[in-house]
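**Student:** In order, the protein sequence lines correspond to chains A and B.
Just so we're aligned, residue 8 is where the first sequence starts under the numbering used here, counting upward by one.
Just so we're aligned, residue 8 is where the second sequence starts under the numbering used here, counting upward by one.
To be clear, the hints were calculated from the coordinates, so they are not data collected in a lab.
C-beta: ideal position from N, C-alpha, C; glycine also.
Any given hint might turn out to be false.
Here are the computed distance ranges between Cβ atoms for each label pair [said to hold, decoys possible]:
#, chain 1, residue 1, chain 2, residue 2, range
1, A, 160, B, 52, 30 to 36 Å
2, A, 218, B, 140, 43 to 49 Å
3, B, 137, A, 155, 50 to 56 Å
One letter stands for each residue in the lines below.
There are 2 protein chains.
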Amino acid sequence: MSADTYPPTDRTTPTRLRERVGYDRAAVHAVLDEATLCHVGFVVDGRPVVLPQLHVRVGDDLYLHGSTGARSLRTAADDGLEVCVTVTLVDGLVLARSAFHHSVNYRSVVAQGRAALVRDDAEKTAVLEALVEAVVPGRAAGTRGPDRRELAATAVLRLPLREVSLKVRTGPPGDDPDDLDLPHWAGVLPLAVHRGTPRPAPELADAPLPAHVQAWVDAG
Amino acid sequence: MSADTYPPTDRTTPTRLRERVGYDRAAVHAVLDEATLCHVGFVVDGRPVVLPQLHVRVGDDLYLHGSTGARSLRTAADDGLEVCVTVTLVDGLVLARSAFHHSVNYRSVVAQGRAALVRDDAEKTAVLEALVEAVVPGRAAGTRGPDRRELAATAVLRLPLREVSLKVRTGPPGDDPDDLDLPHWAGVLPLAVHRGTPRPAPELADAPLPAHVQAWVDAG
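Model the full assembly from the supplied sequences, consistent with the hints where possible.
**Tutor:** Written out as structure tokens, the structure reads:
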């Protein structure tokens, strides 16, 4: 899996707006790594279910985190679970002269395949550490790792990244030439995730921020 | 449908963490209205597909916007499409003393049911206006409305809000009592969507901002 792109398949080839879709591995990874959470779709009794979940990418595997009580993860216990994992970052609102060309600037990854429950305790421990690191770099060393009971109560699914696509809309509105002289404002209203001031747990109101939390603030 | 809560069903009753789940209509509506986009799950050939889409709530109907070329909307043309629409707002990263209690503060709505294609042109026109208003209040009057060709090229799905739940995590980390004396920092790192400076279309670099765009900036 050292190719620079994910090979397109029938399911990842769009029927429209093909110019917005790509398969570049580094770009896919960047979107997965930037997002706080993903939306995981699976099928229960023939009907779709979509739930937000925490994820972390390790190489070309995407790991999903849940409780052993969660329905998706119980279903996956036997022979895996067919999932569609979608991650979307919103970059701006696109205001065109025409209502029709209103849009959103975004980057969205769709990864499809069969996710398997991670049964190996060493792999699970490594993934949980990666998950904590994905939340805040440096955090794994600043927390108590899972004990045996906690490890047993946590379920982790592994989805190998194989059928993956990235859809991106960027740039100014795409108005029809005939509309350019209309007296309507057009442009992009940028949106971004903003990092606020850390709120310590009540018992730690006067404690100094550790270096990894200060670094999170400074990178915001 | 004037009740204050959505009646719980088997599908919207959680098997765990019940204290985080609610059915309050106003709270559900507030989350749907605040979110820029939703994730729509549906089933294709027995497998899940999850795509980001724009949405707007009008009363107790949730409308989804797409192109007539989109696979989900073509599938819905006949007798509707079973969907799960999930909207998630991320409010913060929750850092606990233990890795196990790391979490995210969020508000997430899950709405399930059968979505139907809107065929009535008057309803479709009203929904498209509401969609533009949902992007930026006041915008519908500041843009050219859809002509017949654009209306025909736009597909809108209506999902009546019936099976709906809201899941919320809020507040400080929930560490085990035994962990409170560990030398690890704990607290919440707030996240919020930040509104940036409007970027006019290239032809409008020197045009003044219209009132509805200035109001969007001021409300950020």
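**Student:** Is the hinted range of 30 to 36 Å satisfied by the C-beta distance from residue 160 of chain A to residue 52 of chain B?
**Tutor:** 35 Å, holds
**Student:** Does 43 to 49 Å hold as the CB distance between residue 218 of chain A and residue 140 of chain B, or does it fail?
**Tutor:** 46 Å, holds
**Student:** A range of 50 to 56 Å was offered for this pair. Does it hold for the Cβ distance of residue 137 of chain B and residue 155 of chain A?
**Tutor:** 53 Å, holds
The structure meets every hint from the earlier list without exception.
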